[in-house]
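Go ahead and model the full structure; you've got the sequences and the hints to work with.
One letter stands for each residue in the lines below.
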Amino acid sequence: MKNKRVDGIYIFSPFLRLFHWIMAAAVLMLFLTGRYIANPFFHGSIGVDPTISVGNLMSMETIRFWHFFWAYVLVASFILRIYGWVMYKGDRLLPKFWTKLYWTGLSEVLQHYLFLKSDHQPYLRNSLARTTYLIWYIVTFVLMATGFAMYGMINPASWTAKFFSPVISLLGNEYNVHVVHNYAAWFFPLFLTFHTYFAYRSDMMHGDGEISSIFSGIKYLPGKPADAEDLK
Amino acid sequence: MKRVVVDPVTRIEGHLRVEVTVDEATGKVQDALSSGTAWRGIEIILKDRDPRDAWAFTQRFCGVCTTTHALASVRTVEDALGIEIPKNANYIRNQMASSLAVQDHLIHFYHLHALDWVSPVEALKADPGATASLQNAILAKYDLGLSGPFDFNTDAYPKEFPRATPAYFKAIQAKVKALVESGQLGIFAAHWWDHPDYSLLPPEVHLMAVTHYLTMLDRQRELVTGHVVYGGKNPHPQYIVGGMPCAISMNDMNAPINTARLGVVDVAVNLGISAVNYFYLPDLLAIGDIYVTKHKMVDGGGLAGKCVLGYGDYPEDSYTGIANGDFHKRLLLRCQGVVENFAAGVMAAKFTNLEGKDYVDPEIITENIEHSWYSYPQAGKALHPLAGVTAPNYTGPKEGTKTNWKYLDEKGKYSWIKTPMWRGKMAEVGPLARYIVTYVKVKQGLMQPTWAEKMIVDQIDGVSKVLGAPAHVWMCSTVGRTACRGLEAQVMAYINKYFFDKMIKNIRNGDTATANMSKFEPASWPKEAKGVGLHEAPRGALGHWIQIKNGLTANYQAVVPSTWNACPRDSKAGSGAYESSMIETKIKVADKPLEVLRVIHSFDPCIACATHLYDTEGNKKAVINSDPYINACGGCGS
Amino acid sequence: METRMTMWDSFSKRGLSRRTFLKTCTALTAMMGLPLTDRKKVVEAATKQPLPVVVWLHGHECTGCDEAFIRSQSPLASDLVLNMISLEYSDTLAAAAGEPFEKHLETVIKKYDGKFILAVEGGVPLADQGISCMVGGKPFVDVLKEVAKHAAAIIEYGSCAAWGGVQAAKPNPTGSVSVSKVISGKPIIKVPGCPPIPEVMTGVVMHLALFGQIPPLDAQGRPKQFYGNRIHDTCYRRSFFDAGMFAERFDDAGSKAGWCLYKLGCRGPEAYNACGNLRWWNGLSYPIQSGSPCFACGSDGFWDNGPFHERLPNVVLPNTLTNADKIGAGLTVAAMAGVTVHAVISSVQKARHAKNESEHDEE
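Line order of the protein sequences matches chains A, B and C.
Start counting the first sequence at 1; every next residue gets the next number (my numbering).
Start counting the second sequence at 233; every next residue gets the next number (my numbering).
Start counting the third sequence at 871; every next residue gets the next number (my numbering).
Source of the hints: derived by calculation from the structure; they are not laboratory data.
It is possible that some hints are incorrect.
[Unchecked claim] Straight-line distance between alpha carbons at most 30 Å, and here's what the computed DSS-like set of lysine-lysine pairs gives:
id, chain 1, residue 1, chain 2, residue 2
1, C, Lys1019, C, Lys985
2, C, Lys980, B, Lys638
3, A, Lys117, C, Lys1225
4, B, Lys820, C, Lys973
5, B, Lys526, B, Lys675
6, C, Lys973, B, Lys751
7, C, Lys1015, B, Lys630
8, B, Lys409, C, Lys980
9, C, Lys1019, B, Lys638
10, C, Lys1051, B, Lys634
11, B, Lys751, C, Lys1196
12, C, Lys1040, B, Lys279
13, B, Lys528, B, Lys686
14, B, Lys638, C, Lys973
15, B, Lys589, B, Lys804
[As the list claims (entries may be wrong)] For each label pair, taking beta carbons as the anchor points, the in silico distance ranges come out as:
id, chain 1, residue 1, chain 2, residue 2, range
16, A, Trp159, C, Met1206, 38 to 48 Å
17, B, Pro381, C, Lys1051, 51 to 61 Å
18, A, Phe41, C, Met1206, 17 to 27 Å
19, B, Ser696, A, Gly172, 53 to 63 Å
20, C, Gly1082, B, Ala406, 28 to 38 Å
21, C, Pro1086, B, Lys409, 49 to 59 Å
22, B, Ala576, C, Gly1153, 51 to 61 Å
23, C, Lys1051, B, His527, 44 to 54 Å
Every residue gets a Cβ at the ideal spot worked out from N, C-alpha and C, and that includes glycine.
Given below as C-alpha cells:
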C-alpha cells in the first residue's frame, strides 16, 4: 500500500516559532561570547589604556555585556516558552516515557538512522527528537542556574545571589560552577550539528517540510502520524 | 626510677610526645623515646596530580619552614625535566630561603626556645638600671666583628637597635608585673617557673631577654617581607616550576618587581642584618656564655659528636641538574657530606662526601620501620625512600588503650615517623650539622672556603675564644646546637644581602628573566622522568624525590630534617638525634623535665614535616614503589 | 566566678594611657572596615565587654595559621596576645608543656565554661577512631569534642579547620574533615585561607572582643567583612581583564606589564577573600600582584581543582592529558564528520528506497 501524503498538519504555534528563532540566536551568541570569556583567544586592545575598555567593541567587558544580555533574552524566552507549553499542544511534544509508543518509536527511528530500516512511520515528532529536546531544556536550565549563580555573586548581598547560592553549595565551590557551565555549553555545538542535519535530512528523505515548518508551523507528513493523539 | 611523659611538647610545629625514664637520685636519663603522634598522607594525595602543582601541596607539610618544601619541590621537578632556571629566579629563591632562615631561627630562639632559659617571673627581680648597663656591656662584648660582602651598602645606620635605658626596661618590667599580678597569664600560664634552672641567669638577663622577646615578636614579620614581594604572601609564598612567577620589568608601572618593590625588599634585608647583629647574637652568646663558662652545661650533644649530615645549598648561579652533580659544583654553602666522630676533635673527625648520584643510590640513604607503626614485607631490611613500602601497622601503646595512651612501647612500635639512615647509621641534621661539616671540611683542607664558609669558620673560632673551649667541646651540646642556629642566622642575613646584590647587578646587566617556560607544557616532557631536589632548610638537610609518568606524578617522596632527628630507635643503628640527646641530658627535677624541653627545642621540631608521608588503613592503599634509580641510575638527571 | 577584664581595664592595669587606648580603638575601627564615626561604639565596646579568653587547639595542621596570626600588623601580635585577649592555651606560643599544660586546659574550660572562644587550626581526622592525630595520648577529635562542649563560639582558622584542608584532598587517606562536620550546636565562624591573611585572623578575634558578638556571616559561615567579595571583583588588575589584556605565560610581556592572570589559571573569579582589598603586610602585595595566579586557597575543595595554572581541570584519558574544551571541540568536529557521512549514506539509501518503491509501483 502506498502512503498517501496527508494534508499539512498545523503543529507549531506562532509563539513557538518566534521564540525558536530568538532562542537560537541567543544560544549562538551565548556560545560564541562564552567561548571568548572562557578562553580569551584574542586581545581586545593591546596597548590601549585598560580604563577605556568600555568603549572598545571587542573588549572582555563588552563581550561579557553581550553574554549577559543574551542570557537575559534566553531566560525571558524560556519563561515565555513555558507559557506556550501551557497554551498550545504543539508546544509540548516532549517524550512520554510511560507510553509504549515512545519506546517502539525510539527503536524504530534508531534503526532507521542506523540504516537497519529503510523508513520509519510518520510522527509529529519522533521519540529521539523529543528526548533530544528534553535534554536541551535540561542543559539550558543547568546553564541558567550555574550562570546566574556566578553572575549573582558579583553582589553577594543581592537577591539573585541568595536565590542561586544553593547551586554553589551543591557543586562544592564556585570553581566547579564555572567548570560545569563550561562543560554543559559544549552540548550546543553538538546539538546544532545534529538538529540542523536531521531536520534537513527529514526534509530530504521524506519531504515533510521539516525546515519550512519552523517558519509556517505546518508539516506535511507522508501519512497519519503515530503520535497524532498529542495534538488532540 | 620514674617515667615522665611530656605530651604535647609545645612551642614546636606539629604533634610530638616524649617519654623519659629518669633516675631521680642522680638525674640521669636511662632511656628516652620520641614519638611523632600525627600523620597526614600528603604524598599519597600527590599521586596522579600535575607535578607543576606539587610545590603547593608539599609546602603544606609545614607552615613554619614556609618556603622550604616548595623550593625543594620545584627543584625536584626541574631536575626531573631538565629545566635550568634563569639567574634571577635562582637569586630570588636564595633570598627567600635565606631570609626565611633568619626569621625562622630568630623566632625559634626568642619565641619557641627562650622560655626554657628565660622567665618573666625572674625578670621582675631585675634592676632596670643594671639591665641597661648589661645591655651595653653585651653589645660591646659579644660582637664577633664579622660581616659578609656588600656591593650596594644601602643601610645608613642601624634602624633596629636595642634600647638600653633604665626607664625603658622599667616600663617593660611594669607591664610584666601587671601581667603576672592580673592572674590572667595567658601564654605564660601553668609552666614550671619554679624550676631551679631559671635561677642560673641573673634577673637582668631575664628582663633583657623578655624585652627582646616582645620586640622581636613584632619585628619578625618584616624579615620575610621579601616573600610577600616575590611570592605574594607569607606563610606559603607562591612558586612556579621553571623559575619564579614575579616578573621583573623596569618599563612597566604595574610590574610585580620594579625598583620600588626592590626598595621594599632592601629595607627588609638590612633589617635582618640589624636584628641578628644587635639582638639575636649578643643575647644568644651572653646566655650561652653563662651556661658554658659559669655552669659548665655542655650536655645534650647526642649524635652531634658521632655522626652529622648535610646536603649543601645556595647555588651561586644556574645549574643544569642535581642528580648529575652540577648543583654541588656551584654551591656557596658546601656542607654536603657526613662527618663522623667530631667529638674527638676537628682533625680526628672522619669526612665522607655525599654528592650528585649518591642521592639516588639505593644503598646510601635508606629508611627503616622497626619501631614505626608500619610493616615491611622483609622484616629488618631498610629500604631507599623511593623503594619504601607504606603498610601501616598501628599497634597502640604499651600501657593504656588505643585511644588513651599511658606509656608507649619502647621495645615495639611507637611512632609515625620512620627511621632514616645514612649507610645504616643514624645522623643528626640541622644548623649544627652544617657547621660541623663545613668546619671539618675547611680545617682539614678539603676545600677552599667561599666567603660564607670562611665566615662560618671565623664564627666558630670566635665563639670558641669567647667560651674558652675548643669547638668540638661546646658545639656538641644543647648550647652548641642553639648557638650554631644563631650564628647561622647571621650568615643567612648576609647571604640574603649577597643574593639581593647579585640580582641587582644582573638586572643592571639587562637580564630580567625570571622563568624558563620552554618545558612548562606537559607535551614537551618525556613520557617518564625522575628527579631529586635538595635544600638546606632551617631544620636541616631536606630531600624530595619525584617520578613523573605521562605528565602526572607517579610517585613522590620526601625525607625531611625532622625525620632524621626525631626518628625512633633502631636495634642496629641505635638512637636517633632527639633520643640520644635526651639520654645525655641531666634532669634536676624528675617531674618537671625542663631540660628535656630545652634540648628538644634546640632542634626546632617540625613534626608535621616529619610525619606527612604515610599512608593509612589497610594494604589497599599500600604502595610498593620501585625506585626509579635502582634500575636506571645511569640516566639520573639527564 | 572571677570577673573578666574589659579591654580598657587591661590597658589601665598595664599602665597605658586613655589616649593610647583610644588610638588603638581608632586603628581597630579602621581595620574592621567601619567608618571612623563608629569609633565611639568601638570605645564603648572595649570599655564594657570583658577581655575574651581564647583556647587554641591544633589538629591536622602545618602551623602556618599560627605563623600568619603572629604576622599581624594591626593589631601587633604582642598587643593582641598580651593585652587584648587572654590566650590561655596554644601549642605554639605557650610556655608550658605536657601534663601541667593539659591540666590547665581542663581548668580553663571549666572556669570559663560557656564563655571562652575556641580557635581551631587544622582538620579533624576520623579514620580509625582518629588515631592519626594524637594529642596528650588521646585522639584530637576526642579533645576537640570535649573542649567544644564548653566553648561559647568556635573559630575555624584556616582552610583545614574550615573545609578539611590539604589532607582532605582526594583520596583523603586519614578521613580528615572540617570542625563543623564534627561539632554542632555552637556558633561557628569560618576563617578559611591557606593561611588566612594575618589581619583577617586577628580582626575576627577583635570583633568578638569589642562587640561581644559574632561578626555578620555569609551563607557559608564566613565573616562578610573579610570574605564578602570575590578577589576578581576587588582585584587591582581587574581593568586589564575587562580590557581583554592577559598574560599568556609566565615572564612574557603581559606578565611584566602586570596584566590579568586569568589565562594562567587565576582562580580570582571564584575566590572569596580579602586579598584584593586588605592584601598581605597591610597592603603590600598578594599573589596576583606578585605575578602568581590565585588558586582560591580559601575555597572548599580547592586542592582538587588542579592544575592550578590552567583555567580548566585536566581530564585524564589513557596516556594523555586533555580538558573539557579540547574534548568538546573534538566531539563537535567528530559530529560534523559523522553527519556528513550519514548524509551520504542516507542519500544512497533514499535512492535505493525510491527505486524499490517504483519497482513496487510497477508490480
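Hints, verified against the model:
no.	hint	in the structure
1	Lys1019(C) with Lys985(C)	11 Å, holds
2	Lys980(C) with Lys638(B)	24 Å, holds
3	Lys117(A) with Lys1225(C)	15 Å, holds
4	Lys820(B) with Lys973(C)	22 Å, holds
5	Lys526(B) with Lys675(B)	29 Å, holds
6	Lys973(C) with Lys751(B)	56 Å, violated
7	Lys1015(C) with Lys630(B)	26 Å, holds
8	Lys409(B) with Lys980(C)	26 Å, holds
9	Lys1019(C) with Lys638(B)	25 Å, holds
10	Lys1051(C) with Lys634(B)	23 Å, holds
11	Lys751(B) with Lys1196(C)	21 Å, holds
12	Lys1040(C) with Lys279(B)	10 Å, holds
13	Lys528(B) with Lys686(B)	28 Å, holds
14	Lys638(B) with Lys973(C)	16 Å, holds
15	Lys589(B) with Lys804(B)	26 Å, holds
16	Trp159(A) with Met1206(C): 38 to 48 Å	42 Å, holds
17	Pro381(B) with Lys1051(C): 51 to 61 Å	54 Å, holds
18	Phe41(A) with Met1206(C): 17 to 27 Å	20 Å, holds
19	Ser696(B) with Gly172(A): 53 to 63 Å	60 Å, holds
20	Gly1082(C) with Ala406(B): 28 to 38 Å	29 Å, holds
21	Pro1086(C) with Lys409(B): 49 to 59 Å	40 Å, violated
22	Ala576(B) with Gly1153(C): 51 to 61 Å	56 Å, holds
23	Lys1051(C) with His527(B): 44 to 54 Å	52 Å, holds
The structure fails hints 6, 21 (numbered hints given earlier, in ascending order).
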